[in-house]
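Work the whole structure out from these sequences, hints included.
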Amino acid sequence: MRFSMIQGLILAIASLGPIGAMAGSYDLVIDEQIVNITGKDKKAMTINGQFPGPTLHFREGEDVTINVTNRLDVDSSLHWHGLLLPYQMDGVPGLSFDGIKPGETFSYQFPVKQSGTYWYHSHSGFQEQEGVFGPIVIEAAKREPFKVDREYVVMLSDWSDETGEQIFSNLKAQSDYYNYSQQTVGDFFDDVKASGWGAAFKDRLSWGSMRMMPTDIADVSGYSFLMNGKAPQSNWTALFEKGERIRLRFINGSAMSYFDVRIPGLEMTLVQSDGNNVQPVTVDEFRIAVAETYDVIVRPREDKAFTILAESVARTGYARGTLAPREGMAAEVPELRERPLLTMSDMSMASMGGMDHSNMAGMEGMDHSNMAGMADMKGMDHSNMAGMADMKGMDHSKMPGMENMEGMDHSKMAGMAGMEGMDHSKMMMGASSANSDYAPGSGLAPEAANGGKFLVYADLKAQVPFANYREPDREIELRLTGNMERYFWSINGIKYSDAEPVHLKLGERVRIKFINDTMMMHPMHLHGMWMQLDKGNGRFNPLKHTVNVAPNTTLTVDVPVDALGQWAFHCHLMYHMAAGMFRKVIVEEAVVETAAQ
Amino acid sequence: MFSIRPLVAAFCLSALAPLAMAGGSHGSHGDEATPNIGQPGVAAQATRTVSITLYDNYYEVDALDVKAGETLHFELKNEGALLHEFNIGTAPMHKNHQREMRKMVASGMMTETGMVEMDHSNMPGMEDMKHDDPNSILLAPGESGELTWTFSGDAELEFACNMPGHYQAGMVGEFSSN
Amino acid sequence: MTAKKTACASALLLGATLALSVSPLASAEMKDDAIMTKFMLDRFEVRHQDGDDLLSWEAQINTRTDYQGLAFKTSGERLRNGPTESAEYQLLYQRLVSEFFDAQFGIRYDNQPGPSRTYAVAGLQGLAPYWFEVDANLFLSDQGDASARIEAEYDLLLTQRLVLQPAAEITVAFSDDEEIGVGSGLSKAEIGVRLRYEISRKLAPYVGINWEKSFGDTADFARAEGEDTEVGSVVIGVSAWF
Numbered sequence: 160m161r162f163s164m165i166q167g168l169i170l171a172i173a174s175l176g177p178i179g180a181m182a183g184s185y186d187l188v189i190d191e192q193i194v195n196i197t198g199k200d201k202k203a204m205t206i207n208g209q210f211p212g213p214t215l216h217f218r219e220g221e222d223v224t225i226n227v228t229n230r231l232d233v234d235s236s237l238h239w240h241g242l243l244l245p246y247q248m249d250g251v252p253g254l255s256f257d258g259i260k261p262g263e264t265f266s267y268q269f270p271v272k273q274s275g276t277y278w279y280h281s282h283s284g285f286q287e288q289e290g291v292f293g294p295i296v297i298e299a300a301k302r303e304p305f306k307v308d309r310e311y312v313v314m315l316s317d318w319s320d321e322t323g324e325q326i327f328s329n330l331k332a333q334s335d336y337y338n339y340s341q342q343t344v345g346d347f348f349d350d351v352k353a354s355g356w357g358a359a360f361k362d363r364l365s366w367g368s369m370r371m372m373p374t375d376i377a378d379v380s381g382y383s384f385l386m387n388g389k390a391p392q393s394n395w396t397a398l399f400e401k402g403e404r405i406r407l408r409f410i411n412g413s414a415m416s417y418f419d420v421r422i423p424g425l426e427m428t429l430v431q432s433d434g435n436n437v438q439p440v441t442v443d444e445f446r447i448a449v450a451e452t453y454d455v456i457v458r459p460r461e462d463k464a465f466t467i468l469a470e471s472v473a474r475t476g477y478a479r480g481t482l483a484p485r486e487g488m489a490a491e492v493p494e495l496r497e498r499p500l501l502t503m504s505d506m507s508m509a510s511m512g513g514m515d516h517s518n519m520a521g522m523e524g525m526d527h528s529n530m531a532g533m534a535d536m537k538g539m540d541h542s543n544m545a546g547m548a549d550m551k552g553m554d555h556s557k558m559p560g561m562e563n564m565e566g567m568d569h570s571k572m573a574g575m576a577g578m579e580g581m582d583h584s585k586m587m588m589g590a591s592s593a594n595s596d597y598a599p600g601s602g603l604a605p606e607a608a609n610g611g612k613f614l615v616y617a618d619l620k621a622q623v624p625f626a627n628y629r630e631p632d633r634e635i636e637l638r639l640t641g642n643m644e645r646y647f648w649s650i651n652g653i654k655y656s657d658a659e660p661v662h663l664k665l666g667e668r669v670r671i672k673f674i675n676d677t678m679m680m681h682p683m684h685l686h687g688m689w690m691q692l693d694k695g696n697g698r699f700n701p702l703k704h705t706v707n708v709a710p711n712t713t714l715t716v717d718v719p720v721d722a723l724g725q726w727a728f729h730c731h732l733m734y735h736m737a738a739g740m741f742r743k744v745i746v747e748e749a750v751v752e753t754a755a756q
Numbered sequence: 061m062f063s064i065r066p067l068v069a070a071f072c073l074s075a076l077a078p079l080a081m082a083g084g085s086h087g088s089h090g091d092e093a094t095p096n097i098g099q100p101g102v103a104a105q106a107t108r109t110v111s112i113t114l115y116d117n118y119y120e121v122d123a124l125d126v127k128a129g130e131t132l133h134f135e136l137k138n139e140g141a142l143l144h145e146f147n148i149g150t151a152p153m154h155k156n157h158q159r160e161m162r163k164m165v166a167s168g169m170m171t172e173t174g175m176v177e178m179d180h181s182n183m184p185g186m187e188d189m190k191h192d193d194p195n196s197i198l199l200a201p202g203e204s205g206e207l208t209w210t211f212s213g214d215a216e217l218e219f220a221c222n223m224p225g226h227y228q229a230g231m232v233g234e235f236s237s238n
Numbered sequence: 088m089t090a091k092k093t094a095c096a097s098a099l100l101l102g103a104t105l106a107l108s109v110s111p112l113a114s115a116e117m118k119d120d121a122i123m124t125k126f127m128l129d130r131f132e133v134r135h136q137d138g139d140d141l142l143s144w145e146a147q148i149n150t151r152t153d154y155q156g157l158a159f160k161t162s163g164e165r166l167r168n169g170p171t172e173s174a175e176y177q178l179l180y181q182r183l184v185s186e187f188f189d190a191q192f193g194i195r196y197d198n199q200p201g202p203s204r205t206y207a208v209a210g211l212q213g214l215a216p217y218w219f220e221v222d223a224n225l226f227l228s229d230q231g232d233a234s235a236r237i238e239a240e241y242d243l244l245l246t247q248r249l250v251l252q253p254a255a256e257i258t259v260a261f262s263d264d265e266e267i268g269v270g271s272g273l274s275k276a277e278i279g280v281r282l283r284y285e286i287s288r289k290l291a292p293y294v295g296i297n298w299e300k301s302f303g304d305t306a307d308f309a310r311a312e313g314e315d316t317e318v319g320s321v322v323i324g325v326s327a328w329f
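Protein chains in written order, with this note's numbering: chain Y, 160 to 756; chain L, 61 to 238; chain V, 88 to 329.
Hints are not guaranteed to be accurate.
Claimed, not checked - Per label pair, the in silico range of CB-to-CB distance:
no.: 1; chain 1: Y; residue 1: Ala608; chain 2: V; residue 2: Arg248; range: 25 to 33 Å
no.: 2; chain 1: Y; residue 1: Ala608; chain 2: L; residue 2: Asn96; range: 35 to 43 Å
no.: 3; chain 1: V; residue 1: Leu227; chain 2: Y; residue 2: Glu659; range: 40 to 48 Å
no.: 4; chain 1: Y; residue 1: Ile193; chain 2: V; residue 2: Ile286; range: 22 to 30 Å
Stated by the list, open to error - Simulated pairs of lysine-lysine, PhoX-like, Cα-Cα distance not exceeding 25 Å:
no.: 5; chain 1: Y; residue 1: Lys202; chain 2: V; residue 2: Lys300
no.: 6; chain 1: Y; residue 1: Lys743; chain 2: Y; residue 2: Lys672
no.: 7; chain 1: L; residue 1: Lys155; chain 2: Y; residue 2: Lys463
no.: 8; chain 1: Y; residue 1: Lys201; chain 2: V; residue 2: Lys289
no.: 9; chain 1: Y; residue 1: Lys331; chain 2: V; residue 2: Lys300
no.: 10; chain 1: Y; residue 1: Lys199; chain 2: V; residue 2: Lys289
no.: 11; chain 1: L; residue 1: Lys137; chain 2: Y; residue 2: Lys306
no.: 12; chain 1: Y; residue 1: Lys401; chain 2: L; residue 2: Lys155
What the hints assert, rightly or not - Just a few of them, taken from the derived set where beta-carbon distance is under 7 Å, the chain V residues facing chain Y:
no.: 13; residue: Asp120
no.: 14; residue: Trp144
no.: 15; residue: Phe187
no.: 16; residue: Thr246
Simulated from the structure, these hints should not be mistaken for laboratory data. Quick caveat: nothing in here was measured; it's all calculated off a predicted structure. In this text, a Cβ means the ideal position worked out from N, Cα and C, and glycines have one as well.
Written as structure tokens, this is what we have:
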């Protein structure tokens, strides 16, 4: 980077004050500077001269004042992603406030009511992608349910030498602008060789009839993937002494990129998700959607370097860093794995056209009723459990309904819907042939590089059960929709500019049922209130601010409506949000009917 | 939903490890010969009584001094919201045991808060789960329990909770022999 | 001259529409109903053929939101040493009517040697199943003559940047308009294959071959004028958008 890191550091330290000071006051300045991240000078937006912005250290229970000065020549803003605060402090121009005009300073003031790993970013234009983002670490008031010797923030991001405006207008003009992995004539003949003329032709016809591409994993390519602002060759390094427990606070601050994260040679014990403690779950790899955060604990017992690898899901590149006992060390960086291809299972019936959704009614029942059946082990055929002591030896085909997993026969959809209610992760013991977060047969379902355990949402269980867990008062269905070809995105087929706000009442518990009718993953983010991700863990359903909804799947979350005001609710893929996949949520006081009489 | 049975120390989870531990007999599963970790003791003969509170997901203390031949009587209380274990063993023994516990949870026999009521005896392959496990005690939320152990001084021991992920998150303490 | 005037008028009209429809909303935070303008030079090529080389163009400007807007289309041919053989301008209102198609309505003005013509236009433009880019139009001239034209293109990716594009265009007239040399029935067909190299998505030079033939009465009229009814050419050109 051209600007002085030391200068930035001094600025940051001076402005942040001593870490751990009570009732904190922070000064942040949003500006522009020339940076060189990929070997090419480019103007970036910085905060206090840093890219990404400095880590803000808050303490649970303190009142913070953050004075944000805008030195850009356009409006700016900062949004505190995942923080529970008065909506006027949420930093969304047009919803929370008017934005910060050039040259002006806005004072954010709010009490810090939570702890954990979060982040902040601009909610104006495409500034987030250009550098206006940074980590937030909130120290817990009470002892945390785990023990670590040291900790690091690992902030992932995607960096483009193009501006956000350019990328957006390119996508609008030609939606496959960035897809340089399209299927060629050569690929066709490879497929012919592999599966014969008939199959290859049929495959091309079925995709062609929908005018969809199996290679359409991510809308934007050409990104360099950064770890704490550093390109892979710069090798961001975190030091440790062997035997220590190290907490890594992963934050996906990308505009558009999901990552599959692993540390070859180390298992990771995930203890926090979106800032909330979860029951520790040990995994070999996890997928982090845009805007999610995951805290993991690793314990290297050897005096050697380990690679922290975050491959983009479309496998167009990776962010990389090193855990090392000393500076200057590096471990092997594994080659990028093969690019995934979407399958017909990732296609919603809606996008296939003409399908009557009423046929999907069976899906409604998938949440609890089926779970109860599962929990009741008596309902299972015990004879098939012979292999239980050695789960690896278990024949999955013996599990009722399992045989449907392989098939993509849509006539079986009703039966498959029921499958969702079954927690596959519990059944399969780390076998990665099924992933309950993706449509059965999906091409996007990840597998751990070492064949081990890949995190699924059902693994996330709140550390502390939710006190007011109950059945929701009502359900709101949100279909995630869009026009891939013309590149506009919507909810229930309606873009933000044409949509009525979603009205919620204070105190109610609302179930939101996301139905992804598109062939892309959407990280849905609700401001100001938690979403309790319902993967059948009941009162242990984890609290999240961002949930990934996979193509052609249904995901339900319960929202305890506890914050008055106007809130943003949107897909956190920056260009999907800008193209309309956004809703205003208005939370009003519940009118007590007897009072009105 | 699940019916949770109050747990007492008698219930044993580990299908493999405990066979080897109790009385110093040797199992066939270990990578190397199982070390002599000591044996169950009689409370009345204990030289000391140690009270340890279990929280989510850590022990109130994370190191204890013991002498070879010493018998300790542990008074344990689970103040957390989750099921926790107090298990005396070596690091490799804990690792094996964790594998077992993971299977138990994955199979639905155990949840984060307790055991699921079911008759295991009918299940082929599950008989091992009935074995006694004197070096370990499982405590449901709010539950108290006791364990008495005579230390041999021959092995590096840890007390640990082998509920999935808990050990890795730091729910482990050391017995040092100074 | 007239051609120039028409072009100017169209450009002015476009500009005016643009100015009028710029969103007054100051909260430009959400860009989901912004007006976008895209200029597409689909073909700009020299056709090497018997006799004089021909310069041929086909371009379109869209100024629109996701759902509606204006389109200006132009195409034509000019001999290397003049004169302009044909020139066509369309100004259309367009509206998204399905996920992949716009309906278009407006006027077309043809300026060519001989009498000019003005048409009412109704058409569909978009991406058909199996990835065919299609532009299909019905025309009704100020003389009361109706005709239809359909154009289709298909991109065959040899590599990520080397693309073979077969294209076809067929014109059918429903009545004679002898003044401009159009006879009832299948009047004209054009088939071409172009191999382009996308230096970037926005700029792609190409080479190819093109074959044009007129049929029926239209061919007879051409022969009467001493023109060829069938022309093959080797083309070299560039396509671009911005």
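Evaluation of the provided hints:
1. Ala608/Y / Arg248/V: 25 to 33 Å: 31 Å, holds
2. Ala608/Y / Asn96/L: 35 to 43 Å: This hint holds: roughly 39 Å between Cβ atoms.
3. Leu227/V / Glu659/Y: 40 to 48 Å: 41 Å, holds
4. Ile193/Y / Ile286/V: 22 to 30 Å: Since Ile193/Y and Ile286/V have Cβ atoms about 27 Å apart, the given range 22 to 30 Å holds.
5. Lys202/Y / Lys300/V: Violated, because 54 Å separates the two Cα atoms, which is more than 25 Å.
6. Lys743/Y / Lys672/Y: Between Lys743/Y and Lys672/Y the Cα gap is close to 17 Å, so the pair holds against 25 Å.
7. Lys155/L / Lys463/Y: Holds. Lys155/L to Lys463/Y sits at ~22 Å (cutoff 25 Å).
8. Lys201/Y / Lys289/V: With a Cα-Cα distance of about 22 Å, the restraint between Lys201/Y and Lys289/V holds, given a limit of 25 Å.
9. Lys331/Y / Lys300/V: 37 Å, violated
10. Lys199/Y / Lys289/V: 22 Å, holds
11. Lys137/L / Lys306/Y: With Cα atoms ~20 Å apart, Lys137/L and Lys306/Y stay inside 25 Å; holds.
12. Lys401/Y / Lys155/L: Holds, at roughly 18 Å.
13. Asp120: With a closest approach of 4 Å, the Asp120/V hint holds.
14. Trp144: 20 Å, violated
15. Phe187: 5 Å, holds
16. Thr246: 6 Å, holds
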